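Asks: Generate coordinates for the entire structure from the input sequences, incorporating the hints supplied.
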Amino acid sequence: MSIDKPYEGIAGTTIFDHDMARQGYHLNQFCMSLMKSDNRERFKADQKAYLDQWSLTEDQKQAVLARDYNQLISLGGNIYFLAKIFSTDGLSFQYAASTMTGMSEQEYKTMMLNGGRQSEYPFPDEKGV
Amino acid sequence: MSIDKPYEGIAGTTIFDHDMARQGYHLNQFCMSLMKSDNRERFKADQKAYLDQWSLTEDQKQAVLARDYNQLISLGGNIYFLAKIFSTDGLSFQYAASTMTGMSEQEYKTMMLNGGRQSEYPFPDEKGV
Amino acid sequence: MARISAGVATSHVPAVGAAIDLGKTQDDYWKPLFQGYEYSKQWISENPPDVVFLVYNDHANAFSMDLIPTFAIGCAETFKPADEGWGPRKVPDVSGHPELASHITQSVIQDDFDLTVVNKMDVDHGLTVPLSLMFGQPQSWPCKVIPFAVNVVLYPVPSGLRCYLLGKAIRKAVDSFDRDLNVQIWGTGGMSHQLQGPRAGLINKAFDQSFLDQLIEQPQQLAEMPHLDYIRHGGSEGIELVMWLIMRGALDQNVQVKHRFYHVPASNTAVGHLILEH
Amino acid sequence: MARISAGVATSHVPAVGAAIDLGKTQDDYWKPLFQGYEYSKQWISENPPDVVFLVYNDHANAFSMDLIPTFAIGCAETFKPADEGWGPRKVPDVSGHPELASHITQSVIQDDFDLTVVNKMDVDHGLTVPLSLMFGQPQSWPCKVIPFAVNVVLYPVPSGLRCYLLGKAIRKAVDSFDRDLNVQIWGTGGMSHQLQGPRAGLINKAFDQSFLDQLIEQPQQLAEMPHLDYIRHGGSEGIELVMWLIMRGALDQNVQVKHRFYHVPASNTAVGHLILEH
Ligand SMILES: [Fe+3]
Ligand SMILES: [Fe+3]
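Residue numbers (this note's numbering), protein chains in the order written: chain P, 7 to 135; chain W, 7 to 135; chain R, 97 to 374; chain H, 97 to 374.
Keep in mind the hints are simulated off the structure, nothing from the lab.
Watch out, some of these pointers could steer you wrong.
To be verified - Sample of chain H residues with no beta-carbon within 12 Å of chain P, all distances over it, derived: (1) Asp207; (2) Arg267; (3) Lys268.
What the hints assert, rightly or not - Below 27 Å or equal to it, Euclidean Cα-Cα: the simulated DSSO-like pairs (lysine-lysine) are: (4) Lys42(W) - Lys176(R); (5) Lys115(P) - Lys127(H); (6) Lys264(H) - Lys264(R); (7) Lys176(R) - Lys216(H); (8) Lys216(H) - Lys42(W); (9) Lys115(W) - Lys268(R); (10) Lys42(P) - Lys216(H); (11) Lys54(P) - Lys216(R); (12) Lys268(H) - Lys11(W); (13) Lys268(R) - Lys11(P); (14) Lys176(H) - Lys42(P); (15) Lys216(R) - Lys67(P); (16) Lys11(P) - Lys264(R); (17) Lys11(W) - Lys264(H); (18) Lys186(R) - Lys42(W); (19) Lys301(H) - Lys354(H); (20) Lys67(W) - Lys54(W); (21) Lys115(W) - Lys127(R); (22) Lys50(P) - Lys186(H).
Keep in mind the model is a prediction, meaning the values are calculated, not measured.
For glycine and all other residues, C-beta sits at the position ideal for the given N, C-alpha and C.
Replies: Right, dumping it as structure tokens:
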């Protein structure tokens with residue numbers, strides 16, 4: 007489409023726009039199903055069987071099983087929906103975030119305690135913006 | 007509240023605004039329940055018992071039982087919601103409309119065939135508009 | 097690029113759908129009405145759209161009192177006919193156009209229209225009756241349809257001017273979609289009718305004809321008509337006519353009237369119908 | 097008449113809610129943050145609102161991908177804390193103010209904001225964490241709350257300017273409500289944070305401080321900042337800050353800063369907080 011996507015230039019960042027939302031529709035709705043404790047139990051009992059009830063692509067299913075959040079985001083997952091997966095796993099938002107950055111949880115925590123990922127203002131290294 | 011209600015001057019007409027909607031909330035939601043055939047059966051089997059499951063006022067319940075649509079509208083019912091009641095009764099929109107006008111169904115039908123309730127343009131007999 | 101090739105206005109009376117579904121279109125009562133759509137069926141077979149952007153309102157079917165969007169756009173692949181209380185109409189499912197729908201959504205939200213995005217919605221007679229009137233009874237609808245639902249049930253509904261300007265924003269959005277698509281925009285509902293209270297059965301031919309004239313010639317002026325005038329002159333449910341202004345806003349200032357039809361009565365309602373090209 | 101007496105801005109980090117619920121507010125990690133709200137608790141006990149108009153966003157709890165309103169106003173009597181996946185927060189139910197909520201709805205729709213009316217909605221941490229920060233842990237919330245949910249999840253979200261002008265329309269609506277009510281407006285979310293991708297953990301103090309400065313002194317100018325700048329400088333989830341502009345738009349041009357607080361980190365997020373009177 008010819009809608010401008012100026013945000014595509016921002017490194018390390020995926021904007022959840024309508025194109026991503028269409029791609030991730032069933033993935034995100036699967037995530038929503040984990041808001042019910044019955045469904046969480048069924049998912050935990052047999053993840054693959056549970057996933058097979060949803061119209062996910064094979065890639066999406068694999069990425070859920072692998073808890074590969076960067077991959078899930080590139081396949082249309084939105085972080086607030088994906089949060090239902092790591093909540094089901096009993097893991098924190100901070101832990102999940104750390105897995106996307108290539109850091110250990112401890113490294114990530116330390117970075118945050120030291121004031122977070124530093125960004126200059128204005129951000130100098132954007133391409134095309 | 008001090009929102010203008012210029013439409014209050016129009017004779018024989020109730021505008022479904024937020025004040026009416028608040029008053030009719032449970033009445034209209036009861037009507038929505040009749041979109042399911044199970045509920046229609048239960049309602050038809052024992053109207054009073056079915057109504058008692060909803061937080062309607064006594065007036066609203068009586069008006070439902072009496073199929074008094076003008077009264078239902080004055081108690082917050084909206085015609086598209088109330089339509090679920092006369093549909094459950096197997097009656098037409100035209101019949102239901104006729105009951106609100108004090109005409110017989112045949113008189114109302116004839117009026118419509120003759121071009122409907124005549125209204126001059128602009129309507130001469132409004133108060134306060 | 098995509099382009100809006102024509103606008104269609106039509107009433108969407110549920111009894112008209114029932115007449116079609118029950119094979120009564122040749123009955124004395126209904127025949128004059130359906131004759132008014134003979135030209136339209138011919139016209140649309142010669143000018144088949146790829147996509148219809150179909151402006152209509154839900155009548156307490158998809159939306160209850162729990163949630164009422166002012167403007168809701170259907171971005172899904174498929175929409176099923178709603179069960180309005182006596183089983184769904186036996187008409188085909190509606191296929192959406194998710195790419196164009198979300199393109200339009202993105203564009204008009206950035207033009208400050210506060211849409212609600214809907215990915216799951218049954219569509220009631222407000223949407224399916226116009227399809228039946230224009231396309232008859234095919235096995236499947238011959239084009240994609242983007243349902244656009246406007247609140248005209250809970251007062252206040254959007255103003256005529258808001259609707260007209262939204263039409264312009266939709267036009268701009270369609271024009272910037274980089275696929276070659278023939279898009280029609282339909283505005284449905286109306287004309288004068290009142291379904292409730294002692295004034296039920298109101299019909300106002302003078303108002304309706306004047307509305308049709310102005311919609312064609314002076315849409316901007318018409319768009320400034322306040323709600324009150326719709327209700328006073330066109331009946332409490334005549335307010336549905338604001339939806340025609342969305343259609344009109346998406347067309348050029350100057351339009352060519354391919355077809356104009358007016359008929360009373362269809363059940364409780366006056367029926368109006370226009371086909372406009374530009 | 098009703099009047100807006102003050103505006104409050106605050107982040108609504110879920111981990112902050114968990115810290116309160118689990119009695120960890122005096123832990124080393126959390127103590128500095130909660131100290132920043134000591135003044136606020138004192139202030140609000142001395143300036144108790146009758147109603148809080150609470151601008152927040154839902155985080156895939158009340159709204160799934162099936163239906164996403166740009167602006168949704170809660171008109172119900174009661175709203176329950178949402179089960180976000182590990183049981184609802186053990187905080188009191190929220191009591192709405194249906195009369196004021198529908199008055200505002202009617203007014204701002206007539207000012208061309210296309211709201212979605214919601215009468216049934218669970219409210220997530222976006223709404224309940226600010227209540228906990230300001231009111232602590234009472235048996236019941238000491239005031240009515242009108243939930244106002246803004247889409248900041250699915251791009252495009254409403255522009256800063258749209259939000260700012262909506263604030264003005266809300267102000268006008270509250271000012272015309274003919275009951276004597278002390279209304280506060282709260283804008284929540286932010287400040288800089290990014291919860292996703294290799295850039296997760298982004299914090300931008302310079303951006304945040306500049307945002308706070310401009311929100312106080314030059315809100316109109318700030319309102320014109322494009323989405324892209326929020327995302328680039330404040331992180332993908334920093335876009336939540338547009339909601340603060342709704343609050344700001346409802347206040348006078350000149351405001352008195354009663355309190356200003358900034359802290360890093362709360363989990364993945366920078367926390368900002370303002371109390372403004374006018
Ligand atoms: Fe209609
Ligand atoms: Fe948030």
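Asks: Going back to the hint list, which numbers does this structure go against?
Replies: When the structure is compared with the hints, only number 9 turns out to be violated.
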